[in-house]
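Number of protein chains: 2
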Amino acid sequence: MEKLLTILTFVGAALALVFAAVKARKVIKFSPGTEKMRKISYAIREGANAYLKRQYKIVVIFFGIMFAVLGAMAIAGLLTPYVPFAFLTGGFFSALSGFVGMKIATISNTRTANACREGLNNGLKVAFSAGSVMGFTVVGLGLLDISLWFFILKFIFKLEPHEITSAMLTFGMGASSMALFARVGGGIFTKAADVGADLVGKVEAGIPEDDPRNPAVIADNVGDNVGDVAGMGADLYESYVGSIISACALGVAAFNNFNAMALPMLIAAIGVVCSIFGTFLVKTKEGATQKELLKSLSRGTNFSAIVIAIVSLPLVYFILGKENWTVYFAIFAGLISGVLIGQSTEYFTSDSYKPTKNLAATSETGTATIIIGGLSVGMLSTLLPIIIVAVCVLVSYFVSGGAHSSSMGLYGIALAAVGMLSTLGITLATDAYGPVADNAGGIAEMAGLDKSVRERTDALDSLGNTTAATGKGFAIGSAALTALALMASYIDKVNSIEGGAEKIANLNITNPTVLIGLFIGACLPFVFAALTMNSVGRAAQSVVKEVRRQFKEIKGLMEGKAEADYASCVDLCTKASLREMILPTVVAIAVPVAVGIVLGCSGVVGMLAGATASGFLMAVFMSNAGGAWDNAKKYIESGVHGGKGSSCHKSAVVGDTVGDPFKDTSGPAINILIKLLSMVSIVFAGLVVNFSIL
Amino acid sequence: MEKLLTILTFVGAALALVFAAVKARKVIKFSPGTEKMRKISYAIREGANAYLKRQYKIVVIFFGIMFAVLGAMAIAGLLTPYVPFAFLTGGFFSALSGFVGMKIATISNTRTANACREGLNNGLKVAFSAGSVMGFTVVGLGLLDISLWFFILKFIFKLEPHEITSAMLTFGMGASSMALFARVGGGIFTKAADVGADLVGKVEAGIPEDDPRNPAVIADNVGDNVGDVAGMGADLYESYVGSIISACALGVAAFNNFNAMALPMLIAAIGVVCSIFGTFLVKTKEGATQKELLKSLSRGTNFSAIVIAIVSLPLVYFILGKENWTVYFAIFAGLISGVLIGQSTEYFTSDSYKPTKNLAATSETGTATIIIGGLSVGMLSTLLPIIIVAVCVLVSYFVSGGAHSSSMGLYGIALAAVGMLSTLGITLATDAYGPVADNAGGIAEMAGLDKSVRERTDALDSLGNTTAATGKGFAIGSAALTALALMASYIDKVNSIEGGAEKIANLNITNPTVLIGLFIGACLPFVFAALTMNSVGRAAQSVVKEVRRQFKEIKGLMEGKAEADYASCVDLCTKASLREMILPTVVAIAVPVAVGIVLGCSGVVGMLAGATASGFLMAVFMSNAGGAWDNAKKYIESGVHGGKGSSCHKSAVVGDTVGDPFKDTSGPAINILIKLLSMVSIVFAGLVVNFSIL
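One line per chain: the protein sequences are A and B, in this order. According to my numbering, the residues represented by the first sequence are 4 to 697, in order. According to my numbering, the residues represented by the second sequence are 4 to 697, in order.
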């Protein structure tokens with residue numbers, strides 16, 4: 004049985020990676036277009052490579068230090084010796100996911116633009132293939148990492164199940180740390196460039212987006228790749244792996260057998276197969292409308308979700324036994340919740356519905372009212388997702404037997420997260436093609452291609468916004484569920500340490516250490532959002548000044564007679580974002596240890612609960628406010644409230660600019676933060692049990 | 004002993020009220036100025052009266068319905084028969100506090116303006132006297148309500164201590180409901196008028212603030228009175244009373260004797276005397292500088308705080324016995340924490356320090372960056388207050404013997420809140436004179452008084468902003484501590500109900516009902532902030548349209564030849580704010596009952612903890628972001644970054660406008676929300692225990 008399982012997950016991983024490779028070969032075969040397009044694409048690729056190279060240098064130093072710290076702790080007996088190595092592989096694979104995604108994205112942007120010269124469907128084909136490469140690389144590498152470690156620990160070192168999961172949780176910390184670097188660094192880069200380019204280009208100089216006269220335009224496109232692609236890849240790698248291993252760990256705690264640990268890995272492996280089948284359904288006839296395109300994408304994701312929902316039932320029955328078959332509904336609840344949160348996101352941020360339409364109307368009375376309006380749309384939009392997650396948690400807990408054994412209930416919550424992410428291969432594919440289309444649009448504009456090409460890339464981009472809403476629903480929902488599961492894993496971990504049980508005996512919410520931990524934890528997402536927004540603000544200001552300088556000093560630039568110095572803006576963003584990404588990451592790692600040392604293990608649990616609740620709310624608030632502003636602006640650009648160039652449009656542009664760091668830097672980073680906090684707490688649990696003050 | 008105590012609190016109440024009456028007589032004796040000033044003041048007073056009259060009509064209906072509901076529950080045996088009546092008196096005295104404050108404020112605004120014609124110190128004298136009337140009315144009525152009920156329940160109905168506190172907690176719910184109506188209604192009124200007036204007057208038409216040509220200018224001044232004065236009066240009445248009665252209730256729970264219950268009432272009574280002495284120290288020599296004025300105010304508040312800190316020590320020793328004298332440090336921790344939170348508020352929002360200076364600098368790169376900057380200043384500013392409250396909670400818990408008995412520890416937390424608010428009489432006086440000075444400035448402008456008068460009122464107003472920061476620190480800090488104390492009271496209450504103990508046995512934070520309650524509770528402040536901001540937005544938009552209409556249709560208005568139709572704007576604001584205040588209040592009352600019915604008592608405790616944590620953070624975030632924007636704008640007006648009229652200034656005005664509902668509507672209302680949730684939970688505990696699903 005153990006061997007069969009290892010083979011199955013290896014097969015899942017291999018299938019995903021082979022599929023990704025096949026898709027990648029397909030993409031490369033497309034023509035990269037005219038020489039000018041190739042030149043622009045080359046500049047973007049160079050910029051992105053240069054950024055990643057420098058980012059990885061810093062990351063290597065960080066991982067070196069952490070490896071030494073963990074190594075020292077392992078030598079001191081506070082950790083098992085596998086931990087430092089597991090930490091490294093988690094970081095490595097997470098970085099690799101981002102790297103592969105970015106490679107394929109920078110190859111396919113110009114190819115998508117070129118394909119759009121022939122037609123919308125050709126463009127979709129290239130962009131979606133690129134997205135698939137990304138999606139299946141993430142799940143493939145995730146499964147590979149999990150199955151590799153499982154194989155080593157189980158068959159080479161012959162460890163017990165709880166020792167295996169304990170070590171595997173550590174590569175979650177590696178993956179989370181890397182993801183945070185990638186998300187924060189990339190997020191700051193992309194938004195500093197975007198905000199900087201918009202503020203001077205669109206608002207002050209009045210030139211269109213992606214205009215080649217704007218010196219920050221290449222940096223903006225580089226940013227899409229290092230932020231929206233490499234950042235997202237590392238992020239979702241971490242979500243995927245985190246949800247699976249926390250479910251494995253809780254399965255061992257609940258059933259103390261191998262089968263409960265195997266279930267999440269098997270669901271993930273089967274999810275890969277379902278997702279691959281799903282991608283074959285994504286095709287459209289020539290001349291398809293926007294709506295038909297969307298339908299074609301949904302057909303793929305819905306098919307995968309339905310198949311996994313059907314297949315999981317006998318799987319659970321077979322693996323956990325007939326007395327536990329109701330655990331199936333936890334997986335099912337997770338699947339449904341992901342979809343529902345996505346729909347709620349779409350409702351609040353799409354201009355087909357009232358909230359964004361009303362938001363656009365507030366621009367009639369000026370900039371202040373559209374800012375107030377967007378903030379309140381974002382805040383109000385937290386209600387539905389909270390209720391969905393609440394119901395999902397309750398259902399998964401009780402169908403898994405939580406009424407009899409809380410550890411079985413917690414296993415159910417973790418499985419809900421696994422269920423939600425089981426079709427990640429295809430949902431990520433439909434999500435990741437958005438930035439590719441965005442980039443393609445930039446290249447079309449800069450290369451001076453026919454207007455119809457830009458229209459087609461815009462259509463793809465706008466479609467991407469809708470699928471991105473669903474993607475975000477999955478990312479945020481799974482983050483909350485995974486964070487809760489990790490909190491439970493933390494408690495298990497502490498209980499398994501000598502002297503730990505008494506330290507964590509009183510988790511009553513009125514225990515002042517729990518309560519204070521809760522307050523501090525709830526505060527962290529606020530502080531984290533502030534730090535990352537400040538970083539974007541600072542970095543954007545330096546871009547603004549540089550663009551203004553070039554407009555003033557480079558003669559003939561505005562007339563199109565001289566070329567802008569694109570590289571200096573790329574360089575500025577690179578330096579600024581790498582400098583700015585360090586503090587937030589250090590905070591995320593230092594705080595759980597500090598809280599543990601001062602308040603003890605019960606304080607840490609309080610902190611994790613507080614951070615999960617407020618982090619979930621802040622992430623939804625910031626993402627949705629940003630999305631609503633973005634689409635309110637696009638809605639106005641479609642011709643209402645005076646259309647492009649009107650005073651309403653100017654107000655909406657300010658709203659969109661405020662929303663940029665909200666939705667693309669701080670919001671997504673908070674998702675990672677709440678999981679990293681748990682991962683760090685788990686790894687340092689031994690230290691805290693032995694040395695805490697309270 | 005019991006009789007002595009009753010007499011002492013009655014004496015405290017009487018002293019406060021007599022002192023307020025004496026001060027009021029003094030204020031009335033000052034001359035109200037020229038006929039034009041009197042006319043303007045009359046218009047403001049009329050508007051404010053009309054608003055309050057209509058507000059009270061709605062409030063009476065609400066209280067009637069609630070009285071019927073509570074009466075029915077009392078008849079059904081779910082409540083004691085005193086509850087409906089206690090509920091009414093709480094509401095009545097809270098409303099009365101607001102009413103008296105507003106009366107004196109609308110009488111003294113023109114008198115302050117007139118006194119400023121003679122000199123700055125004369126102006127300060129009138130304004131501070133008006134503030135004192137407000138401050139001492141609030142504490143006087145609060146103590147009166149408490150001592151009256153204590154007298155009735157103890158000596159007429161001869162109830163046991165725990166029955167007394169149980170009934171007295173209910174008038175907290177009456178006071179909280181009233182406070183929420185006043186804060187939300189008044190907050191929407193004042194900000195709708197302010198935002199509306201600014202958006203069209205300052206931003207579009209380019210006329211100065213308080214210009215008589217602006218049709219919303221009277222409404223703006225009415226708003227200061229109904230929002231910043233009547234709203235604040237009801238709000239702080241509720242804080243004051245809530246902290247005292249929750250401490251009484253926890254004292255009974257912890258010590259099961261009368262003395263522990265008496266202590267908070269005695270501290271409050273002594274606080275009144277100390278505050279009165281403090282006010283005598285507030286005087287300055289002619290020609291005092293701004294700094295000297297501030298010093299004179301601080302001398303008064305510091306003196307009162309030091310005296311109460313000294314006197315409390317023997318008091319605690321005498322009342323609780325020498326084995327419990329360390330409880331004193333809880334009171335002391337509360338006093339210190341209030342001051343520290345105030346200082347942190349000042350650091351983040353005053354233009355003497357880096358955060359606001361840096362924020363002003365972000366206006367150099369446009370409106371979007373100052374918005375992003377302000378949001379992140381607000382979010383970052385949550386860290387210090389959280390740490391201060393955390394330390395205060397830990398200290399008060401452990402010095403009060405929390406390590407041995409958690410109910411003694413919780414009593415300590417409640418006493419910290421009482422300590423923090425013990426000098427409310429004088430802190431509120433230094434806080435409440437701000438809106439009076441603000442109004443005086445408006446009258447000076449509209450009546451065309453000499454420029455030097457406006458300069459003096461501006462100096463007073465700006466001084467008021469600094470003292471308001473301290474006031475806010477007390478309000479927010481005490482709200483968090485009181486909410487925690489009320490959460491503890493709720494648990495006691497449930498335990499005292501038949502069948503309640505088992506319903507609340509598992510308050511472990513990993514219990515899914517607690518966890519889900521936590522998520523829902525944490526979401527409430529976001530939803531509440533969204534609702535109130537939307538209300539302001541909607542109301543402001545109608546004001547904007549009306550002002551634009553008048554500018555267009557009333558010929559000669561801009562040239563000063565025709566008069567604006569002020570009454571229509573006042574009427575608009577009145578209707579809009581009263582319509583908008585209902586939903587948030589109903590939400591705040593319905594949600595705890597609904598959560599209780601679905602999730603049971605443990606879910607309610609989770610909800611209260613979540614709402615307190617996230618509410619505290621949101622209140623600090625929103626208040627400080629708003630304060631920072633406000634002062635960044637004033638800093639720019641002082642001449643930096645291009646000064647008044649520059650593009651930086653325009654951006655800063657947008658920031659200030661966004662900050663208006665943040666700091667004056669949503670932020671303060673959240674303070675009340677978190678306490679009202681607990682109060683409602685306590686009152687409906689019997690219902691929930693008997694009828695909850697989970």
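No lab work stands behind these hints, which were simulated from the structure alone. Some hints could be false.
Which copy? The list can't say, so a pair holds if one copy fits it or any two copies do.
[Stated by the list, open to error] Here are the simulated EDC-like cross-link-like pairs (lysine to aspartate or glutamate), alpha carbons at most 20 Å apart as the crow flies:
no.: 1; residue 1: K548; residue 2: E367
no.: 2; residue 1: K637; residue 2: E562
no.: 3; residue 1: K653; residue 2: E207
no.: 4; residue 1: K360; residue 2: E207
no.: 5; residue 1: K161; residue 2: E207
no.: 6; residue 1: K29; residue 2: D568
no.: 7; residue 1: K653; residue 2: E562
no.: 8; residue 1: K555; residue 2: E367
no.: 9; residue 1: K357; residue 2: D574
no.: 10; residue 1: K647; residue 2: D214
Since the copies are identical, ignore which copy is meant and state whether K357 and D574 lie within 20 Å (CA to CA) inside a copy, between copies, both or neither.
neither (41 Å within a copy, 29 Å between copies)
At 20 Å max between alpha carbons, let me know whether K555 reaches E367 within a copy, between copies, both or neither.
Result: close only across copies, 17 Å inter versus 33 Å intra.
Within a copy, between copies, both or neither: where do K637 and E562 come within 20 Å Cα-Cα?
This pair counts as neither: shortest intra-copy Cα distance 28 Å, inter-copy 40 Å.
Between copies, within a copy, both or neither: which fits K548 and E367 at Cα up to 20 Å?
between (30 Å within a copy, 10 Å between copies)
Up to 20 Å between alpha-carbons, please classify K29 paired with D568: within, between, both or neither.
Classified as neither: same-chain Cα gap 34 Å, cross-chain 71 Å, threshold 20 Å.
Given identical chains, is K647 near D214, meaning Cα to Cα at most 20 Å, within a copy, between copies, both, or neither?
within (16 Å within a copy, 34 Å between copies)
For the identical chains here, do K360 and E207 meet the 20 Å Cα criterion within one copy, between copies, both, or neither?
neither (26 Å within a copy, 24 Å between copies)
Go through the copies and call it for K653 and E207: within, between, both or neither, with a Cα cutoff of 20 Å.
Classified as both: same-chain Cα gap 10 Å, cross-chain 15 Å, threshold 20 Å.
As a check of your reading, is K653 near E562 (CA-CA no more than 20 Å) within one copy, between copies, both or neither?
For K653 and E562, neither the intra-copy (24 Å) nor the inter-copy (30 Å) Cα distance is at most 20 Å.
With 20 Å as the alpha-carbon cut-off, assign the pair K161 and E207 to within, between, both or neither.
neither (65 Å within a copy, 75 Å between copies)
The earlier numbered hints that this structure contradicts are 2, 4, 5, 6, 7, 9.
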